[in-house]
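S.K.: Sequence:
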Amino acid sequence: MISVLDLKCEYRIDPLGIDVTRPRLSWRLESDERGVVQTAYRILVASSEECLARDQGDLWDSGRVESDESVHVVYAARPLQSRQRCFWKVRTWDNHGNASEWSKPACWSMGLLAKSDWKARWIGLDGGDNGDCLADARWIWLPDEPARMDAARFFRRTVAIPDRREITGARLTIATPGVFAVWVNGIEAATGRRTIFAPVSEIDVDRYLKPGENTVA
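At position 61 of the sequence shown the residue is numbered 69 (my numbering), and the sequence of numbers has no breaks.
Everything labelled a hint here was simulated from the structure, so no lab data went into it.
Glycine included, each C-beta is placed from N, C-alpha and C at the ideal position.
Ranges between beta-carbon positions, derived for each pair: (1) R129 <-> R202: 29 to 37 angstroms; (2) F188 <-> E221: 20 to 28 angstroms; (3) R36 <-> G119: 24 to 32 angstroms; (4) W110 <-> R202: 47 to 55 angstroms; (5) D22 <-> G177: 39 to 47 angstroms; (6) R20 <-> A189: 38 to 46 angstroms; (7) T184 <-> Q92: 42 to 50 angstroms; (8) S75 <-> L120: 28 to 36 angstroms; (9) E77 <-> D214: 55 to 63 angstroms; (10) R165 <-> R20: 43 to 51 angstroms; (11) W110 <-> I131: 40 to 48 angstroms; (12) A85 <-> G186: 49 to 57 angstroms; (13) L120 <-> V82: 19 to 27 angstroms; (14) D22 <-> F162: 47 to 55 angstroms.
Let's have the full structure, built from the sequences with the hints guiding it.
M.R.: Below, the structure written as structure tokens:
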């Protein structure tokens, strides 16, 4: 007995938002006997689950195709539309002439295929751009020494916050392709490891700060 399993569209099970107009379909054949291979297949693609249950491929009925192909079989029927849902199933024949039962139904949905299909508007903060939060930031490094990646370096900076000022937020941005540790006023605020592919870390440090002088190391 043979079974058709693991139906996939564009490498995924029941994917949403497919953006290719001719998706590729794949499946896997399983048998309880040795030496069994696929020799033919038939694919049904329908516009509804009910239609598929009646074995009606109103979008595509491939008919029996003599082929052992079961990976990246290209959908080859009427063009699909944005947001369209497609329901499909497969049956196969083996090298002994035995036909499988229909596979369990699978599905995929199309994404937005044309710019004119996009009706949404960007959602943002009311009031416009608040400006560049890093406009006054400066890189910190040892004076008169070029940056090196092969040794540890220690930095220490004093930051003064005026008295009677409420601290509403403070964020430390670190760019390093390696291991780092941060202390604020003697308290370990963060440790981590970054790579050259993602070297930036952002750390909220407001809870470690106080009015007056603060030491960041």
